[in-house]
Amino acid sequence: MQNFLTSNKIVPCATAASTVTTAVESTAVDTAGYDRITMMRSVSAVRIVELLGGITTTATVAITGSSVTATAGAVVCIEMHKPQYRYIVLNVRAGVTAVCGDAVAILGLARSKPVSNTASTASIIVTTTTD
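Using the working numbering, the letters of the sequence shown map in sequence onto residues 278 to 408.
Worth double-checking, as some hints may not be accurate.
[What the hints assert, rightly or not] Label pairs and their computed distance ranges (CB to CB):
hint, residue 1, residue 2, range
1, L386, I332, 17 to 25 Å
2, D379, T283, 32 to 40 Å
3, R370, F281, 14 to 22 Å
4, A309, G342, 16 to 24 Å
5, G350, T283, 31 to 39 Å
Just so you know, these hints were derived from the structure itself, not from any lab. Just so it is clear, the structure is predicted and the values come from calculations on it, not from any experiment. Note that beta-carbon positions come from the ideal geometry of N, C-alpha and C, so glycine has one too.
With the hints as constraints, model all of the structure from the sequences given.
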């Protein structure tokens, strides 16, 4: 069985944006060395959420098939296997007033191990429990 924290890299990529009508983008996430990216963000109103890709950190190409219409209060989760672009951005399109929560990217299927999720590389609190 794989351990989630050692098999995936968690990357905080945007802080919350409150009461906005403009487009809200995460920072670009570098997918080099990974074959899967999953991006998540909460949205308080109906908005279109999509992935943008690029060969530089200025990712502007809409990725076909990644667009989804979020319902009010939804947590949008978009997963992509074998990204065609090195840099991926989570974009919440302009629309009705909404609050967008923090965004997180999970990079998986690393081509080499180990994956580090230490507090110095990501804001993560790890707790352990015993059965």
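*Hint by hint, which ones does this structure get wrong, listed from lowest number up?*
2, 3
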